[in-house]
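**Student:** Sequence:
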Amino acid sequence: MDGRGKFDTYTEFWRDVERAREDIYFAQKDRELIAKLREKDQQELEQAILELCHLRCPKCGRKLVETVYRSVRVDRCSGCGGVWLDPGEIETLAPEEHQSWLGGLLARLSGTEEGR
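The working numbering numbers the first residue of the sequence shown as 10 and each following residue consecutively.
Hints are all accurate, no fakes.
The calculated lysine to aspartate or glutamate pairs, modelled on EDC-like cross-linking and capped at a C-alpha distance of 16 Å, are: (1) Lys-72 with Glu-60; (2) Lys-72 with Asp-84; (3) Lys-68 with Asp-84.
Computed Cβ-Cβ distance ranges for the label pairs, DEER-style: (4) Tyr-19 with Glu-55: 49 to 55 Å; (5) Asp-25 with Glu-53: 39 to 45 Å; (6) Glu-55 with Glu-75: 23 to 29 Å; (7) Glu-75 with Leu-114: 18 to 24 Å; (8) His-63 with Gly-120: 27 to 33 Å; (9) Glu-53 with Glu-21: 46 to 52 Å; (10) Ser-109 with Arg-47: 50 to 56 Å; (11) Arg-71 with Ala-29: 57 to 63 Å; (12) Leu-118 with Val-74: 19 to 25 Å; (13) Leu-64 with Gly-120: 23 to 29 Å; (14) Leu-118 with Gln-56: 31 to 37 Å; (15) Arg-79 with Ala-57: 31 to 37 Å; (16) Arg-47 with Gly-97: 33 to 39 Å; (17) Glu-55 with Arg-85: 23 to 29 Å.
Derived from the structure by calculation, the hints contain no laboratory data.
Computed from a predicted structure; not experimentally measured.
Ideal Cβ positions, reconstructed from N, Cα and C, are used throughout, including at glycine.
Could you put the whole structure together from the sequences, leaning on the hints where they help?
**Tutor:** Next up, the structure:
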(Lines of atoms letter the chains of each structure in order from A; the text may use other names.)
(Lines give C-alpha, C1' and ligand atoms only; values in the text may rest on other atoms or scores of the structure.)
Protein backbone atom coordinates (compact mmCIF):
# COMPACT_ATOMS: atom_id res chain seq x y z
CA MET A 10 0.00 0.00 0.00
CA ASP A 11 1.21 3.43 -0.90
CA GLY A 12 1.80 5.78 2.07
CA ARG A 13 1.17 8.73 -0.17
CA GLY A 14 -2.60 8.07 -0.28
CA LYS A 15 -2.91 8.40 3.49
CA PHE A 16 -0.91 11.61 3.41
CA ASP A 17 -3.20 13.11 0.76
CA THR A 18 -6.28 12.07 2.76
CA TYR A 19 -4.94 13.63 5.95
CA THR A 20 -3.86 16.75 4.10
CA GLU A 21 -7.32 17.14 2.61
CA PHE A 22 -8.89 16.48 6.01
CA TRP A 23 -6.85 19.23 7.67
CA ARG A 24 -7.57 21.62 4.81
CA ASP A 25 -11.28 20.93 5.29
CA VAL A 26 -10.90 21.52 9.04
CA GLU A 27 -9.08 24.79 8.37
CA ARG A 28 -11.78 25.92 5.91
CA ALA A 29 -14.50 25.00 8.39
CA ARG A 30 -12.76 27.02 11.11
CA GLU A 31 -12.47 29.98 8.73
CA ASP A 32 -16.15 29.67 7.85
CA ILE A 33 -17.09 29.61 11.54
CA TYR A 34 -14.83 32.59 12.28
CA PHE A 35 -16.19 34.72 9.44
CA ALA A 36 -19.79 33.71 10.18
CA GLN A 37 -19.28 34.93 13.77
CA LYS A 38 -17.72 38.19 12.52
CA ASP A 39 -20.68 38.66 10.15
CA ARG A 40 -23.15 38.13 13.02
CA GLU A 41 -21.27 40.66 15.17
CA LEU A 42 -21.26 43.21 12.33
CA ILE A 43 -24.97 42.71 11.66
CA ALA A 44 -25.72 43.14 15.38
CA LYS A 45 -23.71 46.39 15.47
CA LEU A 46 -25.52 47.71 12.39
CA ARG A 47 -28.92 46.84 13.88
CA GLU A 48 -28.01 48.57 17.14
CA LYS A 49 -26.83 51.65 15.23
CA ASP A 50 -30.03 51.68 13.15
CA GLN A 51 -32.13 51.35 16.33
CA GLN A 52 -30.27 54.24 17.99
CA GLU A 53 -30.71 56.42 14.89
CA LEU A 54 -34.42 55.56 14.77
CA GLU A 55 -34.88 56.42 18.45
CA GLN A 56 -33.04 59.72 17.95
CA ALA A 57 -35.24 60.60 14.95
CA ILE A 58 -38.39 59.82 16.95
CA LEU A 59 -37.18 62.01 19.83
CA GLU A 60 -36.47 64.89 17.44
CA LEU A 61 -39.91 64.58 15.84
CA CYS A 62 -41.77 64.33 19.16
CA HIS A 63 -39.77 66.77 21.30
CA LEU A 64 -41.94 69.65 22.48
CA ARG A 65 -44.99 68.39 20.57
CA CYS A 66 -48.52 68.28 21.93
CA PRO A 67 -49.52 64.74 22.89
CA LYS A 68 -53.10 65.52 21.85
CA CYS A 69 -52.76 67.10 18.39
CA GLY A 70 -49.03 66.93 17.59
CA ARG A 71 -48.49 70.66 17.12
CA LYS A 72 -45.54 72.53 18.63
CA LEU A 73 -45.59 73.42 22.31
CA VAL A 74 -44.72 77.00 23.19
CA GLU A 75 -43.30 77.79 26.59
CA THR A 76 -45.29 80.49 28.40
CA VAL A 77 -45.31 81.84 31.94
CA TYR A 78 -48.36 81.32 34.14
CA ARG A 79 -48.14 82.61 37.72
CA SER A 80 -44.34 82.61 37.65
CA VAL A 81 -44.22 79.00 36.40
CA ARG A 82 -43.08 78.15 32.90
CA VAL A 83 -45.71 75.88 31.33
CA ASP A 84 -45.94 74.42 27.83
CA ARG A 85 -48.98 75.52 25.81
CA CYS A 86 -50.00 73.92 22.53
CA SER A 87 -50.02 76.29 19.56
CA GLY A 88 -52.82 74.23 18.00
CA CYS A 89 -55.40 73.07 20.55
CA GLY A 90 -54.37 75.38 23.42
CA GLY A 91 -53.74 72.51 25.84
CA VAL A 92 -51.40 73.20 28.74
CA TRP A 93 -48.76 70.66 29.73
CA LEU A 94 -46.79 70.72 32.96
CA ASP A 95 -43.33 69.39 33.71
CA PRO A 96 -42.61 67.47 36.92
CA GLY A 97 -42.91 69.73 39.96
CA GLU A 98 -44.85 72.49 38.22
CA ILE A 99 -48.23 71.30 39.45
CA GLU A 100 -46.94 71.37 43.04
CA THR A 101 -45.70 74.93 42.49
CA LEU A 102 -49.06 76.10 41.13
CA ALA A 103 -51.29 74.34 43.68
CA PRO A 104 -50.53 76.58 46.72
CA GLU A 105 -51.00 79.77 44.66
CA GLU A 106 -54.41 78.57 43.47
CA HIS A 107 -55.63 76.95 46.71
CA GLN A 108 -58.95 78.90 46.86
CA SER A 109 -59.97 78.49 43.21
CA TRP A 110 -61.45 75.52 41.38
CA LEU A 111 -58.13 75.18 39.59
CA GLY A 112 -56.37 74.96 42.94
CA GLY A 113 -58.70 72.17 44.02
CA LEU A 114 -58.01 70.30 40.82
CA LEU A 115 -54.27 70.84 41.11
CA ALA A 116 -54.32 69.67 44.72
CA ARG A 117 -56.19 66.51 43.77
CA LEU A 118 -53.83 65.80 40.89
CA SER A 119 -50.70 66.40 42.94
CA GLY A 120 -51.97 64.42 45.93
CA THR A 121 -51.61 67.39 48.31
CA GLU A 122 -55.34 67.77 48.94
CA GLU A 123 -55.95 69.18 52.42
CA GLY A 124 -59.19 68.36 54.22
CA ARG A 125 -61.38 68.14 51.13
